[in-house]
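Asker: This is what each chain is made of:
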Amino acid sequence: MSPVMSPVMSRVTDSMSRQRAATGLALIVLAVAAIAFPLVFGSPVVTNYAIYALIFVAVVTAWNMFSGFSGYISLGQAVFFGSGAYAVGIAAKAWHINGVAVFALLPLAAAVGAVIAVPFGLIALRVRRHTFIVITIAVFFIFQLMAFNFSFTGGSVGVSAPFLPWSPTTFNDRFYYITLACAVVAIVMAVLVRRSRFGLQLRAIRDDEDRARGLGVRTMRVKLVAFVLSATVAGLVGGVWFLYLTQVQPQSGFDPLFDLSLVLMAFLGGLGTISGPIIGALIVEPGQLYLTIRYTNGYLSEILLGALFLLIVIFVPRGIVPTAGEWLRRLRTRGRPAVAPVQTSPRAETRA
Amino acid sequence: MARQIYQAIVDGILVGGVYALMAVGLTLIFGVLDIINIAQGVLVILGAYLSYTLSVRIHLDLFLGLLITVPAMFVIGVVIQWAFIRRLRGRERTSMTLLVTYAVALIIEGILYEIYGPNPKQLNASYVQSSVHVFGFYLSYIYLYGFALALVLIAAIYALLYRTMFGRSVRATMQDHTAARLIGIDVNRVAALTFGVGVAVTAAGGMMFGATNSFNPNSGYDLISRLLAIVILGGLGSIGGALVASVFMLTLESLVTIWSPEWAIVVFYAALVVVLVIRPTGFFGRQPVRAQ
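Residue numbers (our numbering), protein chains in the order written: chain V, 1 to 352; chain R, 1001 to 1292.
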């Protein structure tokens, strides 16, 4: 480094540490807001929205951990979600577990998600992106049909959860914190994966799988581990969702719109970023829920969902977070030379 | 028992012809545009509703109605490609086109619900109910006519691809986009027309589907997953593969139905998974490592 550069460099490190402090502060504010939310909005109607939003935050973050980082778009996340839900329901019935003790079954839901993901991944990850999407759809339909046809899944009636002896407000408040915990776990996992060598390998696969393999990345193993991690979270959250809704049917547990909503959320916010899918989930899920409650026939919400898709693709094809990041950067650097070293270094890409 | 099995095989082949008609459009679109058109299923249903409207409102024969619905669907296809798919480029193109066609599917489905409601409909004509007894098999007229129609249309698509200048540009584009553009082919025009042709054949497929099944706006999902299974099994982009895979899958399903109708559809998808484990490119697939 020449001495001429040093003022610039010090300004760069300065702005970076300031940014880090701002991020930390924002996280604390967010955490306080998230924890205080049910204390401020006590109504079960409001917390219901929040719980669904958090469920989707957790699942879409888990989805993004595999599909967003590796570029393999999966339309089979509902397989793990639904299986987690069914696992809790069936186990509770078979082992006669009642009351609060059913929460002890949640690790089982996560394990079921993971166990299903291993053979699923071993088959589906052998092929490249286009075919992968189709295989996940096929496996998804196999699971939905199995749920319809097996006797232990209760056919089209499905399975109901044991009764939890809580008043509606307590019920929603407690589930709010449970789903919040799930969302936090999923986000922390995603951040750790993204920052690790493993996450870097995943993104190398996304950019150029053949070259990644040429450089010594064990692509199959990396993809499979990410797939299983993502499935574990989805299974866990599926179990929580089931206990909250107290029932699961084949159409609700294995819902094709569920997978599409996940993809929409991730694309809306920004595929492969951490905050993007979260923001996407916080926008899309309450909106969808509102429309379903408001217009019971559901057709209008379908048309609107489709139109929203098209608008995103046309106007913000890269998602809100990357596009907004670019605007901010352009605003900040307007009129003077851009601070080149920060933007061109590979670190600039890893933040977000 | 043996009689039942033979009947199932004959049924499977006839129904397979109808599915081939729908799958050919899908695989053609993939071959040229390198995208998977998720809306293909709901477009089939849209074709069925167009035929339904023509036959109920102005009492037009189902097959004659195709003279109106096929061009109509062609225009719809070209418009969809022109408005939404043409503008997608870049690394995430595959996933984006998937989303866009899915969004189109959702919108069409919602509109169909608004117009026709959720109650199942079925197309009707004198030949839908009656059947003929040949060599001890009961063959329903609609399947025979439909199979013949499928053969004619698939032959027409083959002729279009292998006997015309347009077909030559389509095949050149399938092989190599950049090279095709370099030798002066208007790749965008080829893409739009191919999408139109791929969607136009769904009008015929939809008429056949609507005459042999009851359908509502939601039927597109089940259909698209079957069609995807078929085109993957046949090898994406291979028209012959789509034909063979449709007949294979539908015969298999029809055979399993003898023992258990509930599990027949599971076998359908399981066959796809098994084949892909053995041969990741499908029956007639090209290289698995396609430029992405």
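Hints should not be assumed to be uniformly reliable.
[Claimed, not checked] So the derived label-pair ranges between C-beta atoms look like this: (1) R:V1152 to V:V157: 45 to 53 Å; (2) R:I1258 to V:L122: 55 to 63 Å; (3) R:R1279 to V:P107: 32 to 40 Å; (4) V:S156 to R:V1152: 38 to 46 Å; (5) R:H1059 to V:V157: 22 to 30 Å; (6) V:S156 to R:G1136: 33 to 41 Å; (7) R:L1160 to V:L300: 36 to 44 Å.
[What the hints assert, rightly or not] Reference listing, derived: stretches of chain V covered by chain R, where coverage requires no fewer than 3 residues with Cβ under 8 Å from a Cβ of chain R: (8) 53-61; (9) 79-85; (10) 145-153.
None of these hints come from the bench; they were simulated from the model. If you're wondering where the values come from, they're calculated on a predicted model, not measured in any experiment. C-beta: ideal position from N, C-alpha, C; glycine also.
Asker: If a hint holds in the structure, say so; if it doesn't, say that too.
Answerer: Verification of the hints:
The hinted range of 45 to 53 Å is satisfied by V1152 of chain R and V157 of chain V, whose Cβ atoms lie roughly 46 Å apart. The hinted range of 55 to 63 Å is not satisfied by I1258 of chain R and L122 of chain V, whose Cβ atoms lie roughly 32 Å apart. Taken as a hint, the range 32 to 40 Å holds for the pair R1279 of chain R and P107 of chain V, whose Cβ atoms sit roughly 38 Å apart. One distance hint, 38 to 46 Å for the beta-carbon pair S156 of chain V and V1152 of chain R, holds here, with the actual separation near 41 Å.
The hinted window of 22 to 30 Å between H1059 of chain R and V157 of chain V is violated, with their beta carbons roughly 43 Å apart. In this structure, S156 of chain V and G1136 of chain R meet the distance hint of 33 to 41 Å, their C-beta atoms being roughly 38 Å apart. Separation of L1160 of chain R from L300 of chain V is about 40 Å and conforms to the stated range, judged on CB atoms against 36 to 44 Å. Residues of the stretch 53-61 of chain V with a Cβ under 8 Å from some Cβ of chain R number 0, which does not satisfy the need for three, so the listed coverage is violated.
Counting residues of the stretch 79-85 of chain V whose CB falls under 8 Å from any CB of chain R gives 0; the rule of at least 3 is not met. Here's how the stretch 145-153 of chain V fares: 4 of its residues keep a CB closer than 8 Å to some CB of chain R, so the rule of at least three is met and the hint holds.
Comparing the model with each earlier hint shows violations of hints 2, 5, 8 and 9; every other hint is respected.
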